[in-house]
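Novice: Take a look at the letters that make up each chain.
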Amino acid sequence: MSRNHNIINETSLQFFGLISASTSHEIKNVLAIINENIGLLNDFIFMSDNGTPLNPERVKKIADKITKQIQRTDQIVKNMNEFAHSVEKIYDRVILDEVLNRIISSSNRLVMMRNVNLEIKHSKNPINIKTSPFFLKNLIWLCLNYIINLSNEARTVNIITEKNTTTAIIRFMPPDLSKNSTSNFPGEREKALLDILHAELKIDFDNRELVIMLPDDIN
Amino acid sequence: MQILLVDDEAELVSTLAERLQYRKIKADWVTSAEDALKLVQTNKYDLALLDVRMPKTNGFELKKKLQAQDPEMKFIFLTGHGSGKDHETGSLEAGESNYLIKPLNIEILLKKINDVLKK
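Chains A and B, in that order, are what the protein sequence lines are.
Numbering (the working numbering) for the first sequence: 1 to 219.
Numbering (the working numbering) for the second sequence: 1001 to 1119.
If we strip away everything but chain A, and leave its shape as in the complex, we get (with noise of 0.2 angstroms):
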């Protein structure tokens, strides 16, 4: 098996652990929510039974607030089947915004716990392009990872996604990205998958920019 194979086959493997281990971290705390909500209706019972009236109103808004979490538990179970099932098949026809949304939302606590928030502005028209689904979202979570640890502060990286002629771009724009940077990057990993994906990374520490361009159909 060559090289690239086998970084290919390694990454993927960190990937889909890292994102399976980050999703179960967030059902854990929805359920420890739940836990907490049910455990005060079963406290308010226990008042009640010793003589302090129950309030319906109180009741409700906890039982509101559980639907709440049921309601995020399933779009968390969501976004994790579809990301399981983003790699049934290598390639497919997707929607670039779709696909950068899933990776997001399913990337999202490690972001935050970057203490960064992503702003994106998606392109006025869907831009529909034949790509490897799942290798596309590996390279978009590499970039991110790349630019959640390029320092500690807070701050809000922009996203912007366009389209010219044959060309998909995903525009990164870190506002702490800078020729200090000392990380290797892009490296052997991220070279891997923009040879699978036919695709280029270009970094502008002027504009403060990371840029990757996908062809629209890559046969």
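Since the hints were made in silico from the structure, they are not lab data.
The model shown is predicted, which means the values in this text are computed figures rather than measured ones.
Take these hints with a grain of salt, some might be off.
As the list claims (entries may be wrong) - Under the rule of at most 27 angstroms between Cα atoms (straight-line distance), these lysine-lysine pairs were calculated in the BS3-like manner:
id, chain 1, residue 1, chain 2, residue 2
1, B, K1056, A, K60
2, B, K1044, A, K28
3, A, K179, B, K1056
4, A, K28, B, K1074
5, A, K61, B, K1024
6, A, K65, B, K1026
As the list claims (entries may be wrong) - Just so you have them, the derived chain B footprint on chain A, three or more residues with Cβ under 8 angstroms:
id, segment
7, 28-37
8, 40-53
Beta carbons: idealized from backbone N, C-alpha and C, even for Gly.
Position chain B relative to chain A; hints supplied.
Specialist: Leaving out everything else, chain B in the frame of chain A:
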């Protein structure tokens, strides 16, 4: 007894604080390390319950900063992880038994609080 709860999930700590109050434990809650450090400047807490994974400053880093302000404060960590490796990491970093795994059992939490404060 006065306890400080720190977790970036406001819904979790606010509800837990209320449940502790019904058990006659005064509990303040915040959702960030920065807010915890501000609160400790003007309030004395016997114990802080810290989420391990929080944005910007994790629970272990926060513990060091809080201890610098109040060396007598005791700590219990909350973790959402459930793997054996995380238990091991949690116990190595936090001390032998000073962590609990979410979702919490309030009776176990109360026992842990008592055990930690007795040490």
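Novice: Determine for every hint whether it applies to the structure shown.
Specialist: Hints, one by one, checked against the model:
With a CA separation close to 35 angstroms, the supplied pair B/K1056 and A/K60 exceeds the 27 angstroms bound. For a cut-off of 27 angstroms, the pair hint linking B/K1044 to A/K28 is broken: about 31 angstroms separates their Cα positions. For a cut-off of 27 angstroms, the pair hint linking A/K179 to B/K1056 stands: about 24 angstroms separates their Cα positions. Distance restraint check for A/K28 and B/K1074: the Cα-Cα separation of roughly 25 angstroms lies within the 27 angstroms cut-off, and the hinted pair is therefore satisfied.
Using a Cα cut-off of 27 angstroms, the hinted pair A/K61 and B/K1024 holds, with the two alpha carbons roughly 23 angstroms apart. Straight-line distance between C-alpha atoms of A/K65 and B/K1026 comes to about 23 angstroms, which keeps the hinted pair within the 27 angstroms bound. Here the segment 28-37 of chain A counts 9 residues with a CB under 8 angstroms from a CB of chain B, which clears the bar of 3, and the coverage holds. Residue count for the segment 40-53 of chain A with a Cβ under 8 angstroms from a Cβ of chain B: 3. That meets the three needed, and the coverage hint holds.
Comparing the model with each earlier hint shows violations of hints 1 and 2; every other hint is respected.
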